[in-house]
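Line by line, the protein sequences give chains Z and D. Taking our numbering, the leading residue of the first sequence gets 1, the next gets one more, and so forth. Taking our numbering, the leading residue of the second sequence gets 136, the next gets one more, and so forth.
Rather than coming from a laboratory, the hints here were simulated on the basis of the structure. Because the structure is a prediction, the values reported are computed rather than measured. Incorrect hints may have been included.
Claimed, not checked - Straight-line alpha carbon distances no greater than 20 angstroms define the calculated SDA-like cross-link-like pairs of lysine to any residue that follow: (1) Z:K56 - D:E149; (2) Z:K94 - Z:P117; (3) Z:K94 - D:M136; (4) Z:K56 - D:D140; (5) D:K170 - Z:T51; (6) Z:K94 - D:L152; (7) D:K202 - Z:L55; (8) D:K202 - D:F178; (9) D:K202 - Z:R17; (10) D:K202 - Z:G34; (11) D:K202 - Z:D32; (12) Z:K56 - D:A187; (13) Z:K94 - D:P153; (14) D:K170 - D:T204; (15) Z:K56 - D:H188; (16) D:K202 - Z:T24; (17) Z:K94 - D:V162; (18) Z:K56 - D:G192; (19) D:K202 - D:H189; (20) D:K170 - D:R146; (21) Z:K94 - D:D140; (22) Z:K94 - D:P206; (23) Z:K56 - D:M151; (24) D:K202 - Z:N98; (25) Z:K94 - D:T204; (26) D:K202 - Z:I59; (27) Z:K56 - D:V162; (28) D:K170 - D:G160; (29) Z:K94 - Z:Q83; (30) D:K202 - D:G160; (31) Z:K56 - D:T198; (32) D:K170 - D:K202; (33) D:K202 - Z:V86; (34) Z:K94 - Z:E67; (35) Z:K56 - D:Q158.
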Amino acid sequence: MSFGSWVTGPQIDMTVRGADGTSTQALIGIIDTGASVICTDRRIPVRLGLTAINLKTMIVADGSEVEATVFAGELTIPALDFQDWVELHGMAMKSETNRVLLGRSFMAPYHVTYAGPEERFYFSRSPGRLAEAEY
Amino acid sequence: MNAADLEREIRAYEAMLPELQKQHGAVWAVVAQEKLVRTFTAFADAARFVNAHHADGALIRHTNQHKETAPFVEICA
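If we strip away everything but chain Z, and leave its shape as in the complex, we get (with noise of 0.2 angstroms):
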């Protein structure tokens, strides 16, 4: 594999760091190019004591609105040699979970390509290093 590719997914294991600078939760991503941004369980930044920085109205499956609320957030995930702020959109879910969406915000970096038979999201700085590397 070429500098700059990485194969991972559908989840993919993820931190993000708390407000005291130290502590981390670890949570399980998924991409989701279905979502617009990264979407999370709003309890997680409020347990880590996370910034809120915006709200937002956010328009779910069934094409109804709800507000959400964002937070700015430490991220790591080890696979894609990530490490950078990014906005949570902290939503009210039914159930706690530590499950979050990985959206097109998230992606807008990356040319990535999905190889259904393997189940996995190649993913690449350039398209030409992605072609380079994986086909």
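Start from chain Z and add chain D according to the hints.
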């Protein structure tokens, strides 16, 4: 920052948005105490700035913000 504080900052942001778009275009704006603090090209830079300089929190909103989509089927009202 609680919801009431965020709503106050959002009202201030919306009042300044036309001028903000005219002056800065598509950027991440940081608003605190109902004033524009700074703009950033990347969200991560804005988040790092707020984390380092605004312990009481601040609004971070993109000037082209729109409604987002999430394929949930079970959420609380």
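Quickly compare the C-alpha distance for K94 (chain Z) and T204 (chain D) to 20 angstroms and report which way the hint goes. holds (18 angstroms)
Quickly compare the C-alpha distance for K94 (chain Z) and D140 (chain D) to 20 angstroms and report which way the hint goes. Violated: K94 (chain Z) and D140 (chain D) sit about 26 angstroms apart, past 20 angstroms.
Straight-line Cα separation of K56 (chain Z) and H188 (chain D) no greater than 20 angstroms? Since the Cα atoms of K56 (chain Z) and H188 (chain D) sit roughly 23 angstroms apart, the hinted pair is violated (cutoff 20 angstroms).
Next pair to validate is K94 (chain Z) with V162 (chain D); report whether the Cα-Cα distance is within 20 angstroms. Distance of about 34 angstroms is beyond 20 angstroms: violated.
For the pair supplied as a hint, K56 (chain Z) and E149 (chain D), confirm whether the alpha-carbon distance does not exceed 20 angstroms. holds (13 angstroms)
Just to be careful, I want the Cα atoms of K56 (chain Z) and V162 (chain D) compared with a cutoff of 20 angstroms; is the pair within it? Since the Cα atoms of K56 (chain Z) and V162 (chain D) sit roughly 17 angstroms apart, the hinted pair holds (cutoff 20 angstroms).
Hinted pair, alpha-carbon criterion (20 angstroms max): K94 (chain Z), M136 (chain D). Please report holds or violated. With Cα atoms ~24 angstroms apart, K94 (chain Z) and M136 (chain D) exceed 20 angstroms; violated.
Sort out whether Q83 (chain Z) lies within 20 angstroms of K94 (chain Z), counting only the CA atoms. Cα-Cα ~29 angstroms, so violated.
Between the alpha carbons of K94 (chain Z) and P153 (chain D), is the straight-line distance 20 angstroms or under? violated (38 angstroms)
Within a Cα-Cα threshold of 20 angstroms, do K170 (chain D) and R146 (chain D) meet the stated pairing? holds (11 angstroms)
Would you check the hint for K202 (chain D) and R17 (chain Z), treating anything up to 20 angstroms between C-alpha atoms as holding? Violated: K202 (chain D) and R17 (chain Z) sit about 27 angstroms apart, past 20 angstroms.
Within 20 angstroms, alpha carbon to alpha carbon, are K56 (chain Z) and D140 (chain D)? holds (14 angstroms)
Figure legend: structure checked against the earlier numbered hints; hints not met, in rising order: 2, 3, 6, 9, 12, 13, 14, 15, 16, 17, 19, 21, 24, 29, 32, 35.
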